[in-house]
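Participant: Each chain is listed here by its residues.
Number of protein chains: 4
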Amino acid sequence: MSDLPDYGQAFARWRAEAPAWDAYTHHAFVEGLRTGRLPRANFLHYLRQDYLFLIQFARAWALAAAKAETLAEIQAAAATVQALAQYEMPLHVQVCARAGIDTAALEATEEAPANLAYTRYVLEAGYSGDFLDLMAALAPCVLGYGEIGARLKGSGGPYCDWINAYADEGYQRLCRDVGALIDTALITRLGSDWASLPRARQLSRRFATATRLEVGFWQMGLDGA
Amino acid sequence: MSDLPDYGQAFARWRAEAPAWDAYTHHAFVEGLRTGRLPRANFLHYLRQDYLFLIQFARAWALAAAKAETLAEIQAAAATVQALAQYEMPLHVQVCARAGIDTAALEATEEAPANLAYTRYVLEAGYSGDFLDLMAALAPCVLGYGEIGARLKGSGGPYCDWINAYADEGYQRLCRDVGALIDTALITRLGSDWASLPRARQLSRRFATATRLEVGFWQMGLDGA
Amino acid sequence: MSDLPDYGQAFARWRAEAPAWDAYTHHAFVEGLRTGRLPRANFLHYLRQDYLFLIQFARAWALAAAKAETLAEIQAAAATVQALAQYEMPLHVQVCARAGIDTAALEATEEAPANLAYTRYVLEAGYSGDFLDLMAALAPCVLGYGEIGARLKGSGGPYCDWINAYADEGYQRLCRDVGALIDTALITRLGSDWASLPRARQLSRRFATATRLEVGFWQMGLDGA
Amino acid sequence: MSDLPDYGQAFARWRAEAPAWDAYTHHAFVEGLRTGRLPRANFLHYLRQDYLFLIQFARAWALAAAKAETLAEIQAAAATVQALAQYEMPLHVQVCARAGIDTAALEATEEAPANLAYTRYVLEAGYSGDFLDLMAALAPCVLGYGEIGARLKGSGGPYCDWINAYADEGYQRLCRDVGALIDTALITRLGSDWASLPRARQLSRRFATATRLEVGFWQMGLDGA
Numbered sequence: 001m002s003d004l005p006d007y008g009q010a011f012a013r014w015r016a017e018a019p020a021w022d023a024y025t026h027h028a029f030v031e032g033l034r035t036g037r038l039p040r041a042n043f044l045h046y047l048r049q050d051y052l053f054l055i056q057f058a059r060a061w062a063l064a065a066a067k068a069e070t071l072a073e074i075q076a077a078a079a080t081v082q083a084l085a086q087y088e089m090p091l092h093v094q095v096c097a098r099a100g101i102d103t104a105a106l107e108a109t110e111e112a113p114a115n116l117a118y119t120r121y122v123l124e125a126g127y128s129g130d131f132l133d134l135m136a137a138l139a140p141c142v143l144g145y146g147e148i149g150a151r152l153k154g155s156g157g158p159y160c161d162w163i164n165a166y167a168d169e170g171y172q173r174l175c176r177d178v179g180a181l182i183d184t185a186l187i188t189r190l191g192s193d194w195a196s197l198p199r200a201r202q203l204s205r206r207f208a209t210a211t212r213l214e215v216g217f218w219q220m221g222l223d224g225a
Numbered sequence: 001m002s003d004l005p006d007y008g009q010a011f012a013r014w015r016a017e018a019p020a021w022d023a024y025t026h027h028a029f030v031e032g033l034r035t036g037r038l039p040r041a042n043f044l045h046y047l048r049q050d051y052l053f054l055i056q057f058a059r060a061w062a063l064a065a066a067k068a069e070t071l072a073e074i075q076a077a078a079a080t081v082q083a084l085a086q087y088e089m090p091l092h093v094q095v096c097a098r099a100g101i102d103t104a105a106l107e108a109t110e111e112a113p114a115n116l117a118y119t120r121y122v123l124e125a126g127y128s129g130d131f132l133d134l135m136a137a138l139a140p141c142v143l144g145y146g147e148i149g150a151r152l153k154g155s156g157g158p159y160c161d162w163i164n165a166y167a168d169e170g171y172q173r174l175c176r177d178v179g180a181l182i183d184t185a186l187i188t189r190l191g192s193d194w195a196s197l198p199r200a201r202q203l204s205r206r207f208a209t210a211t212r213l214e215v216g217f218w219q220m221g222l223d224g225a
Numbered sequence: 001m002s003d004l005p006d007y008g009q010a011f012a013r014w015r016a017e018a019p020a021w022d023a024y025t026h027h028a029f030v031e032g033l034r035t036g037r038l039p040r041a042n043f044l045h046y047l048r049q050d051y052l053f054l055i056q057f058a059r060a061w062a063l064a065a066a067k068a069e070t071l072a073e074i075q076a077a078a079a080t081v082q083a084l085a086q087y088e089m090p091l092h093v094q095v096c097a098r099a100g101i102d103t104a105a106l107e108a109t110e111e112a113p114a115n116l117a118y119t120r121y122v123l124e125a126g127y128s129g130d131f132l133d134l135m136a137a138l139a140p141c142v143l144g145y146g147e148i149g150a151r152l153k154g155s156g157g158p159y160c161d162w163i164n165a166y167a168d169e170g171y172q173r174l175c176r177d178v179g180a181l182i183d184t185a186l187i188t189r190l191g192s193d194w195a196s197l198p199r200a201r202q203l204s205r206r207f208a209t210a211t212r213l214e215v216g217f218w219q220m221g222l223d224g225a
Numbered sequence: 001m002s003d004l005p006d007y008g009q010a011f012a013r014w015r016a017e018a019p020a021w022d023a024y025t026h027h028a029f030v031e032g033l034r035t036g037r038l039p040r041a042n043f044l045h046y047l048r049q050d051y052l053f054l055i056q057f058a059r060a061w062a063l064a065a066a067k068a069e070t071l072a073e074i075q076a077a078a079a080t081v082q083a084l085a086q087y088e089m090p091l092h093v094q095v096c097a098r099a100g101i102d103t104a105a106l107e108a109t110e111e112a113p114a115n116l117a118y119t120r121y122v123l124e125a126g127y128s129g130d131f132l133d134l135m136a137a138l139a140p141c142v143l144g145y146g147e148i149g150a151r152l153k154g155s156g157g158p159y160c161d162w163i164n165a166y167a168d169e170g171y172q173r174l175c176r177d178v179g180a181l182i183d184t185a186l187i188t189r190l191g192s193d194w195a196s197l198p199r200a201r202q203l204s205r206r207f208a209t210a211t212r213l214e215v216g217f218w219q220m221g222l223d224g225a
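Residue numbers (UniProt numbering), protein chains in the order written: chain W, 1 to 225; chain Z, 1 to 225; chain B, 1 to 225; chain G, 1 to 225.
Bound-form chain W, shown alone:
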């Protein structure tokens, strides 16, 4: 897997330790995006849920800014909130609009259990733990989508807009920045040998659990319609 994008040390470690990582990044839903065989209805079902997901995700990144300990961390987290609101969310709104789903319909969508599970797990990790717990819970989504985007780049087909949004250099740079933010935050707090601490296992479990919930999110997209 030498062609995996490099988003830093912590991510490389956590990814290797998360049993469900491949089930997440190679889920049948993802394969359907790649081959173009994913039914449109499933994609739209996913997209509506993902719109609600992003609202919670923006809240989680805002919480990261609240829990930050340096001005640089505050600025990085706040910039991500802005990126979500200005980059990812409008993409969803546009694609849905073209499919006849307007913003009111988007916002009236009921959150699916798999959506509640994931978003609330992340937010609660942040509230109950500290900045690092939140980063470990946020990482599978941000960086996993980056990895999927990089792998699916150039696939073409009906979902090429979605693929390009995450394959795009702008998003890839965001992933590298988030990876660097996490690595720096770990070293600043726990020292360069952080991976040997019991704390590292806690954080790895956070990442692994969030990864499991990502699998559930794709599955929800595949099952629903």
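Think of the hints as simulated: they come from the structure by calculation, not from any bench. Heads up, some of the hints might be wrong.
Beyond 12 Å from chain W on every Cβ pair, some chain Z residues (computed) [what the hints assert, rightly or not]:
1) Arg37
2) His45
3) Arg59
4) Ile101
5) Arg151
6) Asp193
With beta-carbon atoms standing in for the labels, derived distance ranges [unchecked claim]:
7) Thr70(B) with Ser155(W): 22 to 30 Å
8) Thr109(G) with Pro90(W): 34 to 42 Å
9) Ser192(G) with Gln94(B): 41 to 49 Å
10) Ala108(W) with Ala23(G): 39 to 47 Å
All residues carry an ideal CB built from backbone N, CA and C; glycine is no exception.
Starting from the structure of chain W, add chains Z, B and G where the hints point.
Facilitator: Coordinates of chains Z, B and G only, in the frame set by chain W:
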């Protein structure tokens, strides 16, 4: 339904407004407890998850004490933490022990997605909202189990210990106390006409969402083993 | 006081109910800024503490975004975090730099008790309460500085840069926007008759306590050096 | 200082690193308690504020239970909430009642800035950080009072009830338990060499800041009346 137990005004209203209330309190899993036809393996699967659930639930009640605004609220919430640790959790430990599942095995259990969804939803409601949001998210579990216990009282059968724990007057009194705590908290903050405020719809939605997640919890018990 | 700026209904009410409002907005420190007789050492002492204050304040606005319930609230709060980081904080850095205090010195400053009291009161109000509690605790600073800026406009003197920063139409517009955000948030949650609810007294007390702590902050500037 | 009580490793280290530790534990207010020369009015002023302090302190220990990661931590923190509500708070109520200050008067007391500073600092440390941050912020009060009680034991005089409450073996045992809870929590998360990590400096600063705010609390008692 004139034989429903009376746990106060807010509960009566929220229950009536939660579309999934009957799906929760009359779930096939509950019927299996009543008739005794629920396979033992499903019950033990449920019980292991419920043990992990109660740890998170104790944390949520502790959070309620942290978010309380009066000494009486702090004391009521803290007493519930103690009741959970001394009343419900030992029951689970004993039943599991008799089935050959020791405490180490209990604590090594991986939280199922339906468990994560429910517990994190409750905790996050508490962290992001205030004391009332937390109460509305906690109520379906505490009071729903009371309602189920009252209905199944005297059913006998292999699950009579479980049924009696919630049919028991001690647990019923806890339900009335929690109901009164919620009613008082609402009136103290929002006035006696609280049900007419937009805030009431938010709280009702919290209750309804938590109720939906209770359905998922029973279903997890029925599906898994 | 017909020449007071109009930052909305909630602010007008809370200001009228806060016993220390005039002690805050007409504090001897403020008068010293207006007349120019405030010793430079006190101003710099204040500015260093205020720089640390703004870091906590940015965290508090980020928390507001995390606790928001609509996308519009998330965006408004996130925009304020950006405004603080890009508008107010650089002003402090520049003024301090001209006085020979570099960023490292700024960040090495120990938070004074009056600073800890105010910032942690605001953050804790936000964590323990909900979005409205946080707004009520944040309002005295944002809007009080706007009111002071509007009153001191055109005073000239050695502190005219500071005065202009808050008298400036950009800052005045921010104040009107924040006032509108608060009014809308109140009506959305508590209805148009919110001021008659017990909840209104809680929020008014939050505002009044934060105002008391603002007085302590000016006094810290006057006492220290 | 070989006669200092032993409340564990973390406390010994943090105490040694907190510049204001002696200013706190040997404050003129404490000396006044020891010699009996502290004016009654100052003691009662302190006691009224301390009653309000304990309500916030109970909330902070409840938050610790919410942020705990093991059942043992939840139980220890919840037991402390109960101890505060049943041990320390009634002592205050009784002493105040004998001085003609009833519970209503106690609860109507306005929190002094020094009180707000300390309690909100502790709560915010807990909300923004994790369980360890909260423990480091809580420790100076719990354990400092234990150290003062042990030192003043047998002083007699008009304040012997207060002194005995903290010199008492029950309170001393609580201090040893809290010290052990902290040591175990540190090792469980950060490993046995935790003191060498950058994280240790953060925690030590939390403890040192809370100690500074304890000095302010005594000073408030001495100044007010």
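Participant: Give a verdict on every hint.
Facilitator: To see whether the hints hold, each was checked on the structure:
1. In this structure Arg37(Z) is separated from chain W by more than 12 Å, as the shortest Cβ-Cβ distance comes to about 26 Å.
2. No Cβ of chain W comes within 12 Å of the Cβ of His45(Z); the nearest lies about 18 Å off, and the non-interface call holds.
3. Against chain W, the non-interface label of Arg59(Z) is violated: not every CB pair exceeds 12 Å, the least being about 8 Å.
4. Annotated as non-interface, Ile101(Z) keeps its C-beta farther than 12 Å from every C-beta of chain W; the closest such distance is 22 Å.
5. With a closest Cβ-Cβ approach of about 25 Å to chain W, Arg151(Z) is found to remain outside the 12 Å limit, as its non-interface label requires.
6. With a minimum CB-CB distance of about 28 Å to chain W, Asp193(Z) clears the 12 Å threshold, and the non-interface call stands.
7. The hinted range of 22 to 30 Å is not satisfied by Thr70(B) and Ser155(W), whose Cβ atoms lie roughly 36 Å apart.
8. Taking 34 to 42 Å as the suggested C-beta distance range, the pair Thr109(G) and Pro90(W) does not conform, at roughly 52 Å.
9. Under the hint 41 to 49 Å, the C-beta atoms of Ser192(G) and Gln94(B), about 47 Å apart, fit the expected range.
10. Evaluation of the 39 to 47 Å hint for Ala108(W) and Ala23(G) yields a failure: the beta carbon distance comes to about 59 Å.
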